[in-house]
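Peer 1: In order, the protein sequences belong to chains A and B.
Per this note's numbering: the first sequence = residues 1 to 172.
Per this note's numbering: the second sequence = residues 1 to 457.
Just so you know, these hints were derived from the structure itself, not from any lab.
All C-beta atoms in this analysis are idealised placements derived from N, C-alpha and C, irrespective of residue type, glycine included.
Do not take every clue at face value.
Some chain B residues close to chain A (C-beta under 8 Å, calculated; not the full set) [stated by the list, open to error]: (1) I316; (2) S323; (3) P324; (4) G326; (5) A362; (6) R421.
One letter stands for each residue in the lines below.
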Amino acid sequence: MIRANATLTTLLLSVALVACSKKPPKELPPAPEGTGQQTTDNSGLDNSDAAVPGSQADFVASVASDTIYFDTDRYNVDSADAATLQSQAQWLARYPAKRITIEGHCDERGTRDYNLALGERRANAAKTYLVGLGVGAERISTISYGKERPVALGSDESSWARNRRAVTVTVQ
Amino acid sequence: MMLRNSLIGLALAGTAATAFGQATPLPPSGAGTPPPQEGGLDVTVSDESEWQDLGIAIPGFTTDRDVATPAGQTAPLGRQLGEVITADLRNNGLFKPTGPSALPGIAYSDVTAPQFGIWSGRGADMLVHGYVRAGGDGRLTVGCYLYDVALGSELARQGYVVAPADWRRAAHKCADMVYSRLSGESPFFDSKIAYIAETGPKNHRVKRLAIMDSDGANHRFITNGQATALTPRYSPDYKSLVYLSYVQGNPRIYVYDIGSGQQRLVTQSRNPTFAPRWSPDGRWILYSMAVGGNTDVYRVSASGGQPRRLTTDPGIDVGGSFSPDGSRIVFESDRSGAQQCYVMNADGSDQRRISFFGGRCATPEWSPRGDQIAFTNAGNFKIGVMSPTGGSVRTLTDGWQDEAPTWSPNGRIIQFFRTERGSGRTGLWQVDLTGRNLRRLKTPVDASDPAWGPVLP
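Input sequences plus hints: build the corresponding full structure.
Peer 2: Given below as structure tokens:
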């Protein structure tokens, strides 16, 4: 289903870009701390060279978003996600030596084991989509954090929506 | 500490009776400092409507000679034995025990010839007497006697020879003897619990593998918290723990040898593995593995070797719990659209959905008695039980988020963890099968993912 060929994908994308809707909830609650979505260790990263081409900072600055969002218990890549992943694929095409890890996450309203499995599904859905866009599968690893690493700390719908996500992190 | 009791379906020997006075003056031997009140359970919720108190008097155990041992002087140790037994019996919701702090001491000769008049005057129905003796070989001998005060007769006795470091086990064994003799149920106090100790803020939770006795004593952290640890399970022989760790980056399950402190991967796959479980005989480990995003249940010999894939469905098949005889496995799957519980044979054949109660069935755990399956209703996050065919569904808890039931060794009590809304703070709780006796287990820090092991031999 997600294995769209390039033309179909481009078609979908043009639709998506027009109707880039729902996913990341409209009004986001303030981020709890300055931590943002950096759930992976980026200690090798220096703020001073934030614009260095091919860096994580460059990736984040260049793509529509490093994160796509999912509905409760779902793992399908919708039009908004597709646009985001397209922008990531373009960046990866510019830096063919770069590899990425896609982190799959869930909200707290799930049992632990199931969420680990669901996070895997989400990360792999994003991976599959990027591979469909021509990114080499060998450049993409996945990891599930289940509900272990929330970015939004509330126990409410908007927080849960922000936590149901797949985050692309460049391997530096 | 207050106590409310109720129990349905358990026949108690003797009749309910007046509780005896907590306020009675005590002071027997001036044998030193009061025992540390480590471990134990908070009584936080309970039902006052049904008191079925069987008053049990448990004076401090006596000794023939007050001598030094690695566990302390035998006189104060005897008193501590009585305290541990009292706490055990108080915490199961059946009895109204009164311990050494509210009772006179006894003489060594009283152990086999109790002064029943004293105890009947205090309203005790049952009486526990015992002694502790330091042996020449450095070990302790503990005698445990149960008497029916009204009948003036002995109901049971046992003796235990333990290393001084294991003195609490003698107390748990004694409490188990009393519990079993009076309730007709299997024992469960002399057992241990593995769980995950949690500290830190919600978005940076530190999760450590930890173990403790069933009453919270002898607590020990196993991992240092640098890598997230999740979902431990004690091996049936208590020699090792299987659990999930992110120590190598990706989630993988490891077998940790408690004696050596070494751990090894359960299976060498590069794929993420999680949700590990032991078979009741300890020969097999059940686990879940995601391949290309699809999670299935696998089984591997505890000593290693080639894993066997048990499920092949494209849905998420995860977790699992063996029936006590090892012939069947209950697991969860979302193959029908949402999480539901399924039963299959231990080789993966004959997979059938059993949960049709309208909610979502997750984290099923087969009772050690075989007659019930506990689960998390992932629709409303309450703990429930049902028959192995999915009938007689009952909800036992009412927290905002209750999850991950684990059975007491005798299948009478279910432990689980509760998460607070907002803060994300967690704690271990337990409830009996009536749903009326709900208590929080004290842990040094927040706690989740409990796993109760079998009764020690």
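Peer 1: Which earlier hints turn out false for this structure, listed by number in ascending order?
Peer 2: 2, 3 and 4
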